[in-house]
Amino acid sequence: MSVCHLTKIRFPVFVLVLFFIAACAIQPAAALKVEGAKIMLDVVSDTNYIFPMAVSINPTDPASDYAVDVLGFGQTVEGGSYTPLTAADDTGAYSARGLVTVDSPVIHIEPGQRKAFNATIRVPQNIGDGGRYALIHIHPAATGGGQTSFATAIIVPVMLTIQNSKLAETGTITEMGVGDIIAGRPITVSTTLKNTGNHHYYGAVNQITVTDTAGKTVGTAKGDPATNAMIPGQSVRFTTPVSTPLAVGTYTIKSDMLLGSGAVLDSKTTSVTVKEAYIPPFQESSAKVTPDSPATLAVPEGTVRISFPQGAVLAETTVAVKPYTGTLPDLPAGAQAGTTSFSVDGLSGLLAKDATVTVKYNNADLAAANGDASKLVLGRYDRGETHWTLLPTTIDKNAMTLTASTNRFSTWAVLAAPSSGQTSTSGADQKAAATQSPAPGSLLICGLISLILLARSARKK
Amino acid sequence: MKKLLFAGIVALVILLVFPMMVSAVNTVSVSGNVLGYISVNVYNTSPNFGTLSIGTDIIQTPSTVTVNTSYTSWHVDLTSTGGTIPGYMQIGGGTNLTIPFNMSKTIAVPNWVHTTTTWNNFMSGSAAGNYPQDVYVQQIVSPIDTEGAYSITATFTGGGT
Numbered sequence: 001m002s003v004c005h006l007t008k009i010r011f012p013v014f015v016l017v018l019f020f021i022a023a024c025a026i027q028p029a030a031a032l033k034v035e036g037a038k039i040m041l042d043v044v045s046d047t048n049y050i051f052p053m054a055v056s057i058n059p060t061d062p063a064s065d066y067a068v069d070v071l072g073f074g075q076t077v078e079g080g081s082y083t084p085l086t087a088a089d090d091t092g093a094y095s096a097r098g099l100v101t102v103d104s105p106v107i108h109i110e111p112g113q114r115k116a117f118n119a120t121i122r123v124p125q126n127i128g129d130g131g132r133y134a135l136i137h138i139h140p141a142a143t144g145g146g147q148t149s150f151a152t153a154i155i156v157p158v159m160l161t162i163q164n165s166k167l168a169e170t171g172t173i174t175e176m177g178v179g180d181i182i183a184g185r186p187i188t189v190s191t192t193l194k195n196t197g198n199h200h201y202y203g204a205v206n207q208i209t210v211t212d213t214a215g216k217t218v219g220t221a222k223g224d225p226a227t228n229a230m231i232p233g234q235s236v237r238f239t240t241p242v243s244t245p246l247a248v249g250t251y252t253i254k255s256d257m258l259l260g261s262g263a264v265l266d267s268k269t270t271s272v273t274v275k276e277a278y279i280p281p282f283q284e285s286s287a288k289v290t291p292d293s294p295a296t297l298a299v300p301e302g303t304v305r306i307s308f309p310q311g312a313v314l315a316e317t318t319v320a321v322k323p324y325t326g327t328l329p330d331l332p333a334g335a336q337a338g339t340t341s342f343s344v345d346g347l348s349g350l351l352a353k354d355a356t357v358t359v360k361y362n363n364a365d366l367a368a369a370n371g372d373a374s375k376l377v378l379g380r381y382d383r384g385e386t387h388w389t390l391l392p393t394t395i396d397k398n399a400m401t402l403t404a405s406t407n408r409f410s411t412w413a414v415l416a417a418p419s420s421g422q423t424s425t426s427g428a429d430q431k432a433a434a435t436q437s438p439a440p441g442s443l444l445i446c447g448l449i450s451l452i453l454l455a456r457s458a459r460k461k
Numbered sequence: 001m002k003k004l005l006f007a008g009i010v011a012l013v014i015l016l017v018f019p020m021m022v023s024a025v026n027t028v029s030v031s032g033n034v035l036g037y038i039s040v041n042v043y044n045t046s047p048n049f050g051t052l053s054i055g056t057d058i059i060q061t062p063s064t065v066t067v068n069t070s071y072t073s074w075h076v077d078l079t080s081t082g083g084t085i086p087g088y089m090q091i092g093g094g095t096n097l098t099i100p101f102n103m104s105k106t107i108a109v110p111n112w113v114h115t116t117t118t119w120n121n122f123m124s125g126s127a128a129g130n131y132p133q134d135v136y137v138q139q140i141v142s143p144i145d146t147e148g149a150y151s152i153t154a155t156f157t158g159g160g161t
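From first to last, the protein sequence lines stand for chains A and B. Sequence positions in the first sequence follow the working numbering and run 1 to 461. Sequence positions in the second sequence follow the working numbering and run 1 to 161.
No lab work stands behind these hints: they were computed from the structure. Heads up, some of the hints might be wrong.
[Claimed, not checked] With a straight-line cut-off of 30 Å between C-alpha atoms, the simulated DSS-like cross-links for lysine-lysine are:
id	chain 1	residue 1	chain 2	residue 2
1	A	Lys222	A	Lys275
2	B	Lys105	A	Lys216
3	A	Lys288	A	Lys254
4	A	Lys397	A	Lys322
5	A	Lys275	A	Lys216
6	A	Lys222	B	Lys105
Quick caveat, the model's predicted, so the values are computed rather than measured.
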């Protein structure tokens with residue numbers, strides 16, 4: 001049942017009362033092309049630079065006005081995206097906003113037209129050292145017209161390096177933090193770096209080292225190099241996952257912010273206490289499954305194991321399992337997610353024969369069930385039907401595993417279901433599991449059969 | 001004294017007649033392979049919820065954002081505004097819905113993102129080329145929302161990095 005259907009059932013009155021007038025304006029395709037969309041120049045004092053640019057739209061687009069604004073060069077802390085700064089906020093010493101002008105603040109374009117214009121950069125005498133920065137924001141002069149409308153815009157970074165000047169590429173860590181330490185989830189180390197120099201740099205990278213109380217290195221991690229430049233005066237947060245097993249104890253986590261060359265910009269340390277042995281997320285693994293023989297897909301850590309019987313697939317396919325790190329879709333009412341979740345890719349349809357999925361649950365999963373393992377089930381999110389199915393699950397408390405059969409794969413999670421006592425809790429000799437979420441139809445059929453049997457039994461007596 | 005005065009007058013004349021001699025601003029026309037490009041296109045630019053009812057309405061047919069670029073490092077950020085408050089559908093007069101406008105890049109396992117702040121790196125890449133990306137929109141209406149014609153504009157802003 002779709003969410004919309006649920007809605008109609010739950011709020012029949014409001015559906016009639018509350019309505020919205022849809023503005024059905026036909027919107028044009030929003031297409032914007034900018035040539036000369038990145039200005040990186042080595043400049044000298046007392047020189048003007050004429051930089052050619054052009055704006056064009058598709059022949060199917062309507063005539064449009066585009067505003068061309070020269071603004072300060074800001075960056076978002078999260079991700080370091082380039083973001084325009086108004087004059088009031090653009091107070092840094094390395095702004096080029098006042099150096100850049102464009103031919104016209106508004107460009108009118110007819111369908112399919114390309115309009116060339118120039119950006120003029122006036123570098124004054126004695127400009128000083130380092131770099132100078134601005135953004136040229138090209139955007140529709142007016143938007144809207146529909147209930148929901150999309151628009152497109154282009155930001156042109158202007159990055160000027162003053163030739164023969166003293167370039168300082170330095171940085172300071174202004175903040176460092178370590179996220180929650182939860183089994184099955186990566187530990188995230190967040191380091192905020194501020195460019196304290198006078199010139200931008202690319203490829204800054206966060207290198208993490210974890211040491212124990214004896215000073216022994218027990219884990220390392222390195223984030224991806226920043227793809228955006230770091231602009232003088234701007235701060236960007238680098239979030240680096242650490243996936244190394246940690247025993248109970250206290251650890252020192254060190255963050256080194258490096259330039260692409262390996263030069264250290266700054267370092268900072270913090271300590272964390274691990275109160276419960278930390279198990280990192282499992283490694284992504286894959287296996288080839290063929291129709292003529294059984295196959296097993298298991299991750300090295302033993303967290304997930306999927307057994308395919310012979311004839312489960314009709315053609316050879318590669319199946320992969322990986323930790324699911326996103327936000328899980330809305331859970332069924334009353335269900336709680338543990339920390340173990342994963343996705344299985346490579347199978348688009350149904351299996352010809354059920355596969356067996358065995359998942360090792362951890363203490364955090366158990367905590368989601370308030371310590372009652374019998375409440376744990378394997379949940380499968382069916383993408384096509386956009387809902388969760390709580391599978392009949394067998395529990396082995398000794399091995400701390402959950403096992404279920406399935407004829408399809410998607411996103412999986414260990415869930416604590418509201419109802420208990422429906423799963424087997426034996427040890428090695430697993431009993432048949434009861435269904436956690438029996439379909440109403442099957443309940444009805446079972447009920448009818450029971451009634452018929454009872455009636456026949458009564459007649460015999 | 002006369003000589004000094006004469007020299008001063010000569011200097012002044014030179015300044016007035018040949019200003020460029022003392023303030024020689026060079027002009028450089030940048031040319032060559034500078035005209036790298038980036039284009040951002042959106043198809044189905046006006047997805048419409050029609051008449052909204054309390055609960056969830058999802059646009060099942062996605063819009064598609066396509067980036068075509070010659071830059072080897074690029075990104076697209078997403079911002080939305082219906083008026084004064086980012087990320088909320090709003091009536092012209094200023095009333096906004098109580099629940100933010102959401103967007104997702106997939107419908108298979110929707111990961112709805114409130115657009116109350118900029119969605120940085122909605123798309124990004126490290127190679128030149130043509131890159132399509134589906135985008136879905138969602139608006140949940142609360143029982144306390146008032147009747148009206150609400151609207152919002154989502155802007156995809158691309159650029160080289």
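Structure-based check of all given hints:
1. Taken as a hint, the Lys222/A and Lys275/A pair is honoured in the structure, with Cα atoms around 25 Å apart against an allowance of 30 Å.
2. About 43 Å separates the Cα atoms of Lys105/B and Lys216/A, which puts this hinted pair outside 30 Å; it is violated.
3. Taking the CA atoms of Lys288/A and Lys254/A, the gap is near 40 Å; set against the 30 Å cutoff, the hint is violated.
4. The straight-line distance between the Cα atoms of Lys397/A and Lys322/A is roughly 24 Å, inside the 30 Å bound, and the hint therefore holds.
5. This hinted pair checks out: Lys275/A and Lys216/A have alpha carbons roughly 19 Å apart, not beyond 30 Å.
6. For the suggested pair Lys222/A and Lys105/B, the alpha carbons sit about 27 Å apart, so the restraint of at most 30 Å is met.
Violated hints, in rising order: 2, 3; the structure is consistent with all others.
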